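In the order they appear, the protein sequences are chains A, B and C.
Quick note: the first sequence, position 342, residue 342 per the numbering used here, numbers continuous.
Quick note: the second sequence, position 51, residue 1051 per the numbering used here, numbers continuous.
Quick note: the third sequence, position 194, residue 2194 per the numbering used here, numbers continuous.
Honestly, the hints are just simulated from the structure, not real lab data.
For clarity, every value in this text was computed on a predicted model and none was experimentally measured.
Among the hints, erroneous ones may be present.
Computed spacing ranges between beta-carbons, pair by pair [stated by the list, open to error]:
1) N1183(B) with D2023(C): 41 to 51 Å
2) E2147(C) with L10(A): 34 to 44 Å
3) D1181(B) with S2012(C): 26 to 36 Å
4) F114(A) with S2012(C): 20 to 30 Å
5) T2078(C) with M140(A): 56 to 66 Å
Under the rule of at most 25 Å between Cα atoms (straight-line distance), these lysine to aspartate or glutamate pairs were calculated in the DMTMM-like manner [unchecked claim]:
6) K144(A) with D2146(C)
7) K108(A) with D1171(B)
8) K1276(B) with E2074(C)
9) K144(A) with E2237(C)
10) K144(A) with E2059(C)
11) K144(A) with D2144(C)
12) K144(A) with E2195(C)
Glycine residues also receive a C-beta, built at the ideal position from the N, C-alpha and C atoms.
One-letter residues, chain by chain:
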Amino acid sequence: MISPYYYQLLVITCINVIMALSLNLVTGCAGQLSLGHAAFMGIGAYTAGILTSVYGVPFLLALIAGGVSAALFGLIVGLPTLRLKGDYLAIATLGFGEIIRVTILNMKITGGAFGLRGIAKEANLATAAAAVFLAYWTLMRLMKSRFGRALTAIREDEVAAGAMGIDITRHKVLAFVIGAAWAGIAGGLFAHWFRYLNPSSFAFARSVEILSMVVLGGMGSLEGPVIGAVVLTYAPEILRGASDFVSRYRMFFYGAILVIMMLVRPQGLVGAGVFRNGLRLPEIHGLRGSKARRMQGPKLRTQETAKDSQQHAFAKGLGAAMPGGHRKGSTGTGVRQRGGDQHADS
Amino acid sequence: MLQQVVNGLTLGSTYALIALGYTMVYGVLRLINFAHGEVYMIGAFTGLMASQIPGLPFPAALLIAMAGAAVVGVAIERIAYRPLRKAPRLAALISAIGMSIFLRNLTLAVMGPQTRAFPVPFEVRHFSIGRLRINSFDVLILVTSVGLMIGLHFLVQKAKIGKAMRATAQDMETASLMGIDVNRVIAFTFAVGSALAAAAGVLIGMNFNAVEPSMGMMPGLKGFVAAVLGGVGSIPGAMIGGILLGMAEVMGVALLRSEWRDAIAFGILALVLLIKPSGIFGGNLQEKV
Amino acid sequence: MPILEVRRVSKSFGGLTAVREVDLAINQGEIMGLIGPNGAGKTTLFNLVTGIYSPCSGEILFNGTNLAALRPHEITGTGLARTFQNIRVFGQMTVLENVMIGRHCRTRAGVWGAILGFPGVKREEKETRERCLELLDFVGLNVDPDEKASNLSYGQQRQLEIARALATEPELMLLDEPAAGMNPQETREIIGLIERIRDAGKIILFIEHDMKVVMGTADRVAVLDHGVKIAEGTPKEVQGDPDVIKAYLGDESDAIA
């Protein structure tokens, strides 16, 4: 039999894999940065923990209830923020995470700062592994479905996705809610493995840890988050003996991973997700396509010259049908140039 | 009641200083500079170290802190944001949050987790006007903040670089076609925003007599909330938003328990996002199609 | 009774009026061209019709429904689809997936169906796939359907956008500069495609600068200048209109500047 130390490490790995997979649906697939994923885990953990320890609810039922309550909070946070374009979700989820932590800290039933004790050790490697399997399987089915396709389209180009008939808010909120539900279930497992809950376990630092796993492994792919979670769960344990610094300043490395991966290998270790071909491609047809194009400023023709030549060209066209090739010179070049970039990169 | 207004003004003006950095950077790059709270913290540390130089007057220490933070701000832009300027926004956002965590924990590793006292370089006096009690800190914070904001106003409205900044915020492509060195403008924006945050860091660090590596997180977030409240991208908005948030927080704490101090800001954020996401002075930030 | 009716629609951004009190009506079976100098408000008008912008005043009726109150995806659901001037294909998705996105509003499979793999979901997915392959054929895009869309040439991406829009089963197609940046051969193909789409029973409103395309395909042409409709009629009529000629040539000083 494996030692209790490795057994525990395996259970933690399972919990982290579920967390990474569920965050990946939101951030990797739908392209929405969430910085409060640990809060959903906390909601699930406390809900399930209180249900079994205080109300004597069976473990599996409590686990599901934890997932449902986390999903409910996901809906509450997601509905107002996901309607909006851009970066508000990141800040809102960060703030939400803090509010949840403060709330748990100030509640009686959660044990406040002393933590929640006396939860039965119901989880084991088998339940954790089963949960991983189920999470992986459902998320795989989702990503390969009509729903997953819509999420990818939203990530790639929100305006175009909306114009193609996709209800953007609905899909983003759904992804967010499903992600939250799985985080809640992971929390329930956490509660019934460690038997003790403290609000600080579900603080911002945990959310960053999960995000680092997804980014390191590769956003938007299925294998990426799994590999990222495994690597980042084991690396500190392996390095712990080598250096005290590593375990004391884990967060330092997570920060560095996030920056360095974005600069050097945004597609992650696996490299099959969002930034499949590095960063240059989405620059052309990416999340913020038109923005990127505008940023490319100097490479594009000036609007003035284009307008002039277009007007002259049209004036000629008024007399006799204008030769198609002529106009291409004015409007076409900028576009052709971008096309050229793409091929050079792929 | 009047006492609360003064307290709110003092707190709010520091939020405003932080919010200005967010809003200016968002104006030119459409990016939330998550590391802004850490710049504030680094500013406080720099100010603390400078003030320990014997014989250095306080204004000089403040200036050193602002200059140091400006350098850090420019470096952050150079390292973590500029290479990603043409990348999808998600990449820049992740890089920004990574930078924030990195800097906080780098400081933690170098300076240690302990909270340091900020020795007061002048004699603290207490004034009473009727029932209203004001001390030197309140005066210093208000005077410094207002002074900096007036300075910023002239810089942005009158100076050549300020005009270039506004042009870049309007349309980066056209600005660069008009011969504006966009990279320089962006670096300058980071420098100015960071210097303002550092000033806030020094003032707060001194007022609460506490400087520590994670001190930037909450004020950083609240500065952002203030910027959203005033309308992200709007400089007067950031000032008004900061003051309003400070007021709301002081009033809120007076009414509720102080544990909820931090939740008030996020409650306000939620309300703004629900009712008027563009904020008080927010223009149309709609993407061009 | 026109299918699409734009009534006195205005839109301004800040102080700038991009579209001013524009009227437009398109009838069954028609191909209508929308022309005008750059910045005349043509694309803004498209964005108003497709719900990306909401008009400051006026109404837009599509088969009697006022579109102004609807969100973009709901408008697409009513039978209206568009392409974009600055191509917006989903670059990281495959060619086939791009077209399948167009089928989104005509299919039903939900989250539970996907997870549990109901037979109906599988059937729907298969039908979607087949329909979309047919559409790729229809627009004449002969590439590997599993190729990543960003690897396509510029002209192919325009075709892909048209296939994607057709997949939404529109009654009315809005094409924003379908021939922009194309060589003469590709332009001829686009003209042929526009005609095939019309023959398939769809109404077309398109923006185009290439007069060969406009003259060759449009039944009627409307001209915008500075956000105002300055002329409307057959291509021949519009061509001779003095206002139109002035709008394009501008004053002598404008032309030099």
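Do the hints match the structure? See the list:
Between N1183(B) and D2023(C) the CB atoms are about 47 Å apart, so this pair conforms to the stated range of 41 to 51 Å. Between E2147(C) and L10(A), the C-beta spacing of about 41 Å keeps the proposed range 34 to 44 Å intact. Against the hinted window of 26 to 36 Å, the Cβ-Cβ separation of D1181(B) and S2012(C) comes to about 32 Å, which satisfies the hint. Distance hint for F114(A) and S2012(C): a CB-CB separation of about 60 Å, inconsistent with the stated range 20 to 30 Å.
A C-beta distance of roughly 34 Å is found between T2078(C) and M140(A), which places it outside the suggested range of 56 to 66 Å. Simply put, K144(A) and D2146(C) have alpha-carbon atoms about 14 Å apart, close enough for the 25 Å limit, and the pair holds. For a cut-off of 25 Å, the pair hint linking K108(A) to D1171(B) is broken: about 53 Å separates their Cα positions. Simply put, K1276(B) and E2074(C) have alpha-carbon atoms about 23 Å apart, close enough for the 25 Å limit, and the pair holds.
Only pairs whose Cα atoms come within 25 Å are accepted, and K144(A) paired with E2237(C) is rejected, the gap being roughly 52 Å. Only pairs whose Cα atoms come within 25 Å are accepted, and K144(A) paired with E2059(C) is rejected, the gap being roughly 40 Å. The straight-line distance between the Cα atoms of K144(A) and D2144(C) is roughly 19 Å, inside the 25 Å bound, and the hint therefore holds. Proximity of K144(A) to E2195(C) is assessed by CA-CA distance (about 36 Å); at most 25 Å being required, the pair is judged violated.
Taken one by one, the earlier hints fail for this structure at numbers 4, 5, 7, 9, 10 and 12, listed in ascending order.
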